[in-house]
Structure formats: C-alpha cells, structure tokens
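Student: Chains as they are written, first to last, in my numbering: chain Y, 137 to 455; chain S, 343 to 825.
Honestly, the hints are just simulated from the structure, not real lab data. Incorrect hints may appear among the rest.
Stated by the list, open to error - Some but not every residue of chain S turned toward chain Y, in silico, with C-beta under 7 Å: (1) 466; (2) 467; (3) 578; (4) 587; (5) 606; (6) 614; (7) 615; (8) 616; (9) 617; (10) 619; (11) 695.
To be verified - Using 20 Å as the maximum straight-line C-alpha spacing, the simulated SDA-like pairs for lysine to any residue come out as follows: (12) S:772 x S:542; (13) Y:452 x S:807; (14) Y:452 x S:601; (15) Y:452 x S:757.
Just so you know, even glycine gets a beta-carbon here, dropped at the ideal spot from N, CA and C.
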Amino acid sequence: MLSRVADHLYWMSRYLERAEHTARLIGMHLNFILDQSNGAAGQRRQLLLKSLHIVPKSPVSDDYDLVEVLTFNRTNPNALVSCIAAARENARQVREQISTEMWGQVNQLFLAVNATQMSRVWADQPYEFYQMVKNGSHLFQGITDSTMSHGQGWHFIQLGRFLERVMCVAQLLDAELQALAQDRYSPSTAAGQLALIGLLRSCTAFEAYSKVYTANVQRRQVVEFLLLNPEFPHSISFAIRAMQSALDGIATATDSHKGARVFRLAGRLRAQFDYSQIDEIIAAGLPSYLTDVRERCSQIHDAVYETCIDYPIEEKLAQ
Amino acid sequence: MPDHHATSPFRDYQLINAYDEMFTSASISRPQYGRLYQRLLELTPAELQQRQHAADLMFLHQGITFTVYHANEGTERIFPYDLLPRILSGGEWATIESGLVQRITALNLFLHDIYHRGHILTDKIVPADLIYSSRHYRREMRGLALPHNVYTTVVGTDLIRQPDGTFAVLEDNLRVPSGASYMLANRQVMKTTFPKLFSDYGVRPVETYSQALLATLRSLAPQRAEPNIVLLSPGVFNSAYFEHTFLARQMGITLVEGSDLVTHDNMVYMRTTAGLERVDVIYRRIDDDFIDPLVFRPDSALGVPGLFNAYRAGNVALGNAIGTGVADDKAVYAYVPAMIRYYLQQEPILPNVETFLLEDPKQRAHVLDRLDQLVVKAVGESGGYGMLIGPHSTAAERAAFREQILAKPRNYIAQPTIMLSRAPCFIDGKVEPCHVDLRPYILYGDKITILPSGLTRVALRRGSLVVNSSQGGGSKDTWVLSE
Numbered sequence: 137m138l139s140r141v142a143d144h145l146y147w148m149s150r151y152l153e154r155a156e157h158t159a160r161l162i163g164m165h166l167n168f169i170l171d172q173s174n175g176a177a178g179q180r181r182q183l184l185l186k187s188l189h190i191v192p193k194s195p196v197s198d199d200y201d202l203v204e205v206l207t208f209n210r211t212n213p214n215a216l217v218s219c220i221a222a223a224r225e226n227a228r229q230v231r232e233q234i235s236t237e238m239w240g241q242v243n244q245l246f247l248a249v250n251a252t253q254m255s256r257v258w259a260d261q262p263y264e265f266y267q268m269v270k271n272g273s274h275l276f277q278g279i280t281d282s283t284m285s286h287g288q289g290w291h292f293i294q295l296g297r298f299l300e301r302v303m304c305v306a307q308l309l310d311a312e313l314q315a316l317a318q319d320r321y322s323p324s325t326a327a328g329q330l331a332l333i334g335l336l337r338s339c340t341a342f343e344a345y346s347k348v349y350t351a352n353v354q355r356r357q358v359v360e361f362l363l364l365n366p367e368f369p370h371s372i373s374f375a376i377r378a379m380q381s382a383l384d385g386i387a388t389a390t391d392s393h394k395g396a397r398v399f400r401l402a403g404r405l406r407a408q409f410d411y412s413q414i415d416e417i418i419a420a421g422l423p424s425y426l427t428d429v430r431e432r433c434s435q436i437h438d439a440v441y442e443t444c445i446d447y448p449i450e451e452k453l454a455q
Numbered sequence: 343m344p345d346h347h348a349t350s351p352f353r354d355y356q357l358i359n360a361y362d363e364m365f366t367s368a369s370i371s372r373p374q375y376g377r378l379y380q381r382l383l384e385l386t387p388a389e390l391q392q393r394q395h396a397a398d399l400m401f402l403h404q405g406i407t408f409t410v411y412h413a414n415e416g417t418e419r420i421f422p423y424d425l426l427p428r429i430l431s432g433g434e435w436a437t438i439e440s441g442l443v444q445r446i447t448a449l450n451l452f453l454h455d456i457y458h459r460g461h462i463l464t465d466k467i468v469p470a471d472l473i474y475s476s477r478h479y480r481r482e483m484r485g486l487a488l489p490h491n492v493y494t495t496v497v498g499t500d501l502i503r504q505p506d507g508t509f510a511v512l513e514d515n516l517r518v519p520s521g522a523s524y525m526l527a528n529r530q531v532m533k534t535t536f537p538k539l540f541s542d543y544g545v546r547p548v549e550t551y552s553q554a555l556l557a558t559l560r561s562l563a564p565q566r567a568e569p570n571i572v573l574l575s576p577g578v579f580n581s582a583y584f585e586h587t588f589l590a591r592q593m594g595i596t597l598v599e600g601s602d603l604v605t606h607d608n609m610v611y612m613r614t615t616a617g618l619e620r621v622d623v624i625y626r627r628i629d630d631d632f633i634d635p636l637v638f639r640p641d642s643a644l645g646v647p648g649l650f651n652a653y654r655a656g657n658v659a660l661g662n663a664i665g666t667g668v669a670d671d672k673a674v675y676a677y678v679p680a681m682i683r684y685y686l687q688q689e690p691i692l693p694n695v696e697t698f699l700l701e702d703p704k705q706r707a708h709v710l711d712r713l714d715q716l717v718v719k720a721v722g723e724s725g726g727y728g729m730l731i732g733p734h735s736t737a738a739e740r741a742a743f744r745e746q747i748l749a750k751p752r753n754y755i756a757q758p759t760i761m762l763s764r765a766p767c768f769i770d771g772k773v774e775p776c777h778v779d780l781r782p783y784i785l786y787g788d789k790i791t792i793l794p795s796g797l798t799r800v801a802l803r804r805g806s807l808v809v810n811s812s813q814g815g816g817s818k819d820t821w822v823l824s825e
C-alpha cells in the first residue's frame with residue numbers, strides 16, 4: 137500500500153474519532169449545566185475546553201460562545217465541523233481505496249454538518265444535532281467494518297481511531313480528575329456524584345460501569361473502569377489493545393521486522409496496562425501517569441511514520 | 343421536417359448544410375440508423391425522458407465527473423451524456439482505422455527522426471526552424487532510444503466529418519489525451535438503457551480497452567519479468583482525476599502522485615508502507631513541463647525529481663514518451679500529410695483540414711483579411727482554450743487576436759470554420775441535431791491497437807460548434823457495426 141494512502145486513511149479515522157468525541161462531550165455538557173448554578177457553569181465551560189485541549193482565541197462568556205467555538209468555528213482546527221471536513225478531505229484523496237459506501241457516508245455526514253447553522257442548532261434541539269454526529273460516526277464505523285476488506289488499509293483506520301481515542305480519553309480524565317479534586321465535588325455530595333456520572337457518560341460508560349460495579353459510583357472505581365477495563369471499548373486499556381492488534385496487522389501485511397521500534401513501543405504500553413493495578417497507579421500519581429500515556433501514544437505515532445510513511449529512503453534502500 | 347406530426351420527437355429536426363449523421367434527407371434515414379429511428383418513433387417522449395433520467399442517475403451514482411477550473415463551488419460536474427448512440431457502419435470504420443494506423447505510424451517515424459538524424463528536416467520537407475522553435479521540442483530527448491521506437495503510447499485523434507461525408511483529422515492529441523474512460527462509461531450506461539436495441543444491432547465491443555492498454559504498457563517494460571506499472575496523476579484537483587482512478591482500477595495498477603515516487607541511482611521507486619518498491623513503467627497523465635522539476639519547470643510540485651535521468655538511463659519507461667507535443671503543435675500539424683508521403687510513400691487516407699500558417703506572410707495577409715470567417719488557434723494550446731471562432735466573434739476579440747498574431751505569428755494558425763457533422767440528440771423531450779466530432783483512441787506499443795469506437799463529443803449548446811467538455815460539451819456512445 138502506498139504510504140500516502142495509509143497516511144490519509146489514518147487521519148480520516150483520527151479526525152472522525154475526534155469529531156465523535158467532541159460531539160459527545162458537548163452533548164454531555166449541555167445536559168449537565170441544566171442542573172448547575174451560574175457560577176459552576178462557568179467552571180464547567182473551562183473544564184470542557186480543557187478536556188478537549190482547546191484554548192479559545194477570545195474568551196468564552198456563555199454556552200452559546202462555547203458551543204460555537206467547539207462546533208462551527210472553522211478557525212478552530214479542532215472544531216467539530218473542521219474535524220469532519222478534514223476527515224472527508226482525507227477520504228476524498230483516497231476515494232478509490234475505501235468502499236463507495238464509506239465515501240457516501242462520510243460525505244453525507246459532512247454535507248449535513250456543513251449545512252447546519254449555529255443559530256438553528258441553538259434555537260432547536262442541540263441534543264439532536266450532536267446525536268446525529270455521533271450516529272453518523274458510528275454508522276461509518278459499521279459500514280467500514282462490513283464493506284471494506286480487513287487488510288492493511290483497514291488496520292490503519294483502526295490504528296487512527298484507537299490512538300485518537302486513547303489520547304482523547306486520557307486528556308478528558310486528566311482534566312476531570314483535577315476538577316473533581318475540589319471540595320465542591322467531594323464524592324459524598326450530590327454535585328460530586330453528578331460530576332462522576334457526567335464523566336462516565338462522556339465516555340458512554342455509565343451503563344457499562346453499572347453492570348460491573350452497580351450504580352454505586354465511586355471515584356476510584358470510575359478511574360479503574362475508564363483506565364483498565366479490558367472489555368469496554370472506550371477504556372484506555374481496551375483502546376491500547378486494539379491499537380496493538382492493528383499494528384500487528386500492519387506488521388504482517390508489510391512484512392515488517394517485528395522488532396522495529398514501533399512494535400516494541402506498542403507492546404510495552406500494552407504490557408504495562410495488562411499488569412497494572414489501580415491502587416499503584418493512584419499512589420504513583422494519576423496526572424503524571426496520564427501524561428505519560430499520551431506521550432507514549434505520540435511516540436507510537438511518530439514511530440509508525442518513521443517505519444511506514446515518512447521514512448528516509450536511504451534507510452530502506454540499505455535493507 | 344414536414345412529414346413528422348406534432349407529437350413526434352423529430353418534429354423540430356432541421357437539416358442544414360452540415361452532414362447529418364442520421365438522415366440523408368427529410369425522414370429518410372441512413373441504413374445504419376434505420377432500426378434506431380423506428381424505435382424512437384415507437385417510444386413516447388415520457389419513456390425517452392425516463393431512460394435519460396435513468397442514465398443520468400447511473401453517472402451520478404458512479405461519480406463519473408470532471409473538474410471545471412476557476413469555479414469556486416461544485417467544481418465536480420457530471421459529464422453530460424446524450425441518450426442516443428452515434429452509429430458508424432463497418433465500412434466507414436475500416437477507412438478510419440486504416441487512416442489512423444497510417445497517420446500514427448508516420449507521426450512516430452517523424453518523432454524518431456527529429457530526435458535523431460533529422461532527415462525530414464535536411465530534406466526540407468518540414469522546415470527545421472519550425473521544429474526547433476516549437477515550445478514542445480525537447481532537446482533532452484535527442485539520441486534517446488525508446489522501446490520499439492514508439493513515442494505515442496496513447497493517442498486520441500480528433501476527427502470531424504465534413505459536409506461531403508468524408509472524415510478529416512482536426513487534431514492529433516499526442517501528449518496526454520483523455521476521455522477514454524467516458525467512452526467506456528458511456529457504453530456501460532448504454533447497455534442498460536437500450537439493451538434490446540443494442541444486442542439487435544451487432545455492435546463491436548470496447549470493453550477490452552483496459553486490457554489492451556495494460557498490454558501496451560507492459561510491452562514498454564525494460565527487461566523485468568513482472569514489471570510494476572503505475573499511473574501517475576497530478577491528483578484529485580486535476581480535471582481528469584476521475585479517469586485516472588477509473589483506468590487504474592480497471593487495469594489493476596497503482597495510482598500514484600508525484601510525491602509517492604522517489605528516485606535513487608537512476609531508479610524509480612514508490613513509497614509503500616512496506617518500504618520502497620521499484621517502478622518499471624509509468625503511464626503518466628502529467629504534461630512534460632511538470633514531470634521533473636530538475637529538468638523541466640523547476641516550480642513543478644507535481645513531478646518527480648530525477649525521473650528524467652532514470653528515463654534516459656533506460657530504467658523506467660514512460661507512456662507517452664517525453665517530447666511528443668512537438669508533433670501535435672498546430673503548425674506542425676499542417677505537415678503531417680507531407681510526412682505520410684515522405685516516410686511511407688503513400689497518399690494520406692484521412693485528409694487534414696485546410697490550415698494557414700501565419701508565419702508565412704502571404705497566408706498571414708489572407709487570414710488577417712478574413713478573421714471574421716476563419717477559426718484562429720494558438721499552436722500550443724488544447725481543450726478549446728486560446729481560440730477565436732471568427733463568425734461568432736466580436737470586433738474587439740478580432741482586434742485583440744490581430745495584435746497577438748502580428749506580435750507572434752509562429753504561435754497561431756488559422757482554419758476555415760468547419761461545419762462539423764450533426765447527430766441526433768435527445769434534448770428537452772425532443773430529438774434535435776447537434777454538432778459532433780469523434781475521438782478514437784490508438785494504442786501503440788509493440789503493435790497498434792484501435793478499439794472500434796471512440797468518444798463522440800457533442801456541442802449540446804444549441805448551434806455551438808465547440809465540443810470540449812470544459813466548454814459545455816457532452817458526449818454520446820459510439821457504435822461501430824460489425825457488418
């Protein structure tokens with residue numbers, strides 16, 4: 137497979153995952169603030185920006201501003217509309233490599249989002265709009281799984297999706313846990329409970345969590361679930377396994393040397409998660425742990441590029 | 343036509359001084375159109391409309407589009423498709439085919455000659471300064487031996503039918519001709535819209551075009567058992583990108599862009615996720631100027647630095663070869679009949695259109711007096727750009743062209759306004775005649791292959807003589823009958 141094609145598939149998938157994550161967080165936020173006092177709402181806005189790793193160019197004074205910046209503001213490269221446009225543009229460059237159905241879906245999602253105006257979303261039902269984006273992304277994943285060969289290209293799509301997910305969830309956890317450390321969100325208060333439930337919902341994890349731990353929402357258990365649960369698709373541990381399995385697929389398809397740096401990095405990260413315990417992680421300090429996870433993902437991204445996409449030609453000729 | 347009643351789809355069909363592909367005179371159809379004519383009279387306008395609609399939908403759903411430059415929104419457009427086939431008899435095709443073989447053979451001998459000894463120039467059949475002053479003459483190609491001595495892997499020759507019914511060559515497109523994918527797509531759609539009629543007619547097939555093209559490209563491969571053949575495209579923003587993807591998929595070869603290729607030690611490789619893979623043959627859809635920034639235009643970001651040296655070293659083959667544009671320079675075109683006589687000692691089977699060379703003072707004076715009657719063309723342009731159509735021009739346009747001609751006479755030629763033949767087209771619920779041309783595709787590797795069909799381009803704007811897709815033209819399926 138051409139390196140350029142792999143590059144486009146990977147980014148198409150990353151952008152779509154980012155769009156879905158953004159849609160979920162905004163939808164959650166709009167629901168959450170209904171129960172909040174005005175003072176708390178301001179803090180939640182800052183928290184949302186931090187969770188998405190976005191620094192707005194001008195201060196956001198209310199939810200209208202916030203939603204505009206995160207959803208429709210084209211000058212923000214991480215705005216929902218920018219992410220979907222970028223996913224579609226990447227798909228367009230490799231239209232021949234993906235199935236017609238996949239192209240149709242990503243194009244349709246783009247057209248739907250592009251045709252939507254902020255004022256309309258705000259006046260009508262913002263909830264429906266974000267639901268539409270989430271559904272559009274889920275549909276794309278389903279179509280991808282059932283209409284595209286599960287070969288190298290598909291593995292690059294999986295890699296992009298799960299690597300982006302690890303980054304997003306780690307960032308979210310980091311921001312949320314710092315906020316939850318405040319007195320106001322002490323776990324015994326209603327506010328603390330609501331905030332934890334909100335965090336779970338931001339990862340569509342509330343129902344899955346309840347099946348494991350019952351609806352008794354405890355901070356330690358929430359962190360354990362989102363970090364280490366091996367079965368839930370939005371836990372970091374699950375996403376890391378999926379990443380590694382995508383890299384295995386790529387290694388097989390490209391006949392790559394399995395000892396190459398990228399596979400070592402991914403294997404090590406996975407092993408760490410497989411044998412971690414939540415108490416140790418908390419004792420060692422969660423923020424630095426989460427920062428470390430994100431850094432290691434960046435390294436894996438770089439290593440994939442060095443191995444498969446943007447390598448110096450002299451190196452490959454020497455092999 | 344008086345003998346068509348008010349509801350006939352032919353009620354507004356007029357014959358003029360152009361050759362009509364379907365009718366000899368009012369309501370008397372040419373033999374090969376007989377069955378189509380009958381069928382059209384049986385169908386109601388609603389049924390015809392419904393078939394046109396179904397055909398349009400097929401194009402839309404398959405994403406068969408082209409890109410229009412300088413348009414901000416919706417730059418991808420559906421290539422307009424006309425429902426009715428253009429039908430050529432077996433005899434008509436035989437003349438076209440032998441004429442094309444003759445012409446392409448002579449043109450390749452000419453290209454080989456001017457990049458080697460230049461006999462035709464020393465014998466003063468073609469003026470040497472005409473060749474050496476051509477923007478498309480590539481000195482870098484001198485003395486380079488090519489596989490089979492063939493320069494033009496794919497040619498799309500534009501033919502027109504004159505009022506007396508004979509075909510003439512309007513242009514030889516020897517650089518990177520496009521449109522073959524539309525020929526194939528038109529046929530695909532035709533088979534689903536008129537299946538019965540199609541099978542009754544005994545139409546010769548075109549479906550093997552991709553195999554023939556692949557075999558032709560393969561025959562260029564430097565000695566390697568399993569040559570790696572790629573199609574080099576300028577990318578998604580190119581007007582013919584749909585065609586590039588279509589042909590690459592049909593042939594099962596990789597579609598690459600310039601940035602996918604690298605050169606090292608005069609070898610060309612493509613970057614894959616599994617490392618570098620050697621490339622043997624490049625079916626390039628990028629003009630000479632842009633193909634290698636080290637040798638040609640240094641500002642080109644589309645090409646591959648070092649490609650030309652690898653080409654000269656014989657490690658990679660290009661189809662078409664570099665430097666073919668000199669022979670489709672519109673001023674050199676005027677000499678093609680002379681080339682045929684010189685190299686083959688034959689009379690041209692397909693004539694040229696009368697052409698005035700504006701460098702010649704006598705011809706120039708003649709043309710400048712008749713700018714309102716003639717068509718003036720820039721010699722190095724294609725796609726209907728840089729043209730003055732005298733009868734449809736304004737005084738200001740003519741004045742501008744006069745100035746440009748006087749400044750650089752070598753850059754222009756003039757031709758009489760040609761009455762392109764007209765073929766029936768289905769427009770707004772009626773059948774109306776529109777001007778058409780014909781572009782057959784000639785493949786040349788170890789042998790010449792011409793698929794019995796071509797792209798019939800249609801000037802769908804009423805009365806227009808310009809058939810280029812960039813100028814509002816469309817196309818229709820072209821049937822060559824086996825008998």
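Student: Now tell me, hint by hint, if it's right for this structure.
Tutor: Verification of the supplied hints:
The beta carbon of residue 466 of chain S is not positioned within 7 Å of any beta carbon in chain Y (closest approach about 50 Å), and the interface hint is therefore violated. Interface restraint check: residue 467 of chain S against chain Y, minimum CB-CB distance 46 Å, threshold 7 Å, status violated. Interface hint at residue 578 of chain S: satisfied, since its Cβ lies 6 Å from the closest Cβ of chain Y, which is below the 7 Å cut-off. Checking residue 587 of chain S against chain Y: minimum C-beta separation of about 5 Å stays under 7 Å; hint holds.
Because the closest C-beta pair between residue 606 of chain S and chain Y is about 6 Å apart, less than 7 Å, the hint holds. At its closest, the beta carbon of residue 614 of chain S sits 6 Å from a beta carbon of chain Y; the interface hint therefore holds under the 7 Å criterion. For residue 615 of chain S, the interface hint holds, since its Cβ comes within 7 Å of a Cβ in chain Y; the closest pair sits about 4 Å apart. For residue 616 of chain S, the interface hint holds, since its Cβ comes within 7 Å of a Cβ in chain Y; the closest pair sits about 4 Å apart.
The beta carbon of residue 617 of chain S is positioned within 7 Å of a beta carbon in chain Y (closest approach about 4 Å), and the interface hint is therefore held. At its closest, the beta carbon of residue 619 of chain S sits 9 Å from a beta carbon of chain Y; the interface hint therefore is violated under the 7 Å criterion. At about 39 Å, the closest approach between the beta carbon of residue 695 of chain S and any beta carbon in chain Y exceeds 7 Å, and the interface hint on this residue is violated. At roughly 24 Å between alpha-carbon atoms, residue 772 of chain S and residue 542 of chain S are farther apart than 20 Å, so this suggested pair is violated.
A distance of roughly 55 Å separates the Cα atoms of residue 452 of chain Y and residue 807 of chain S; the hinted pair therefore is violated under the 20 Å criterion. Taking the CA atoms of residue 452 of chain Y and residue 601 of chain S, the gap is near 17 Å; set against the 20 Å cutoff, the hint holds. Between the alpha carbons of residue 452 of chain Y and residue 757 of chain S the distance comes to roughly 56 Å, so the proposed pair goes past 20 Å and is violated.
When each numbered hint is compared with the structure, violations occur for hints 1, 2, 10, 11, 12, 13 and 15.
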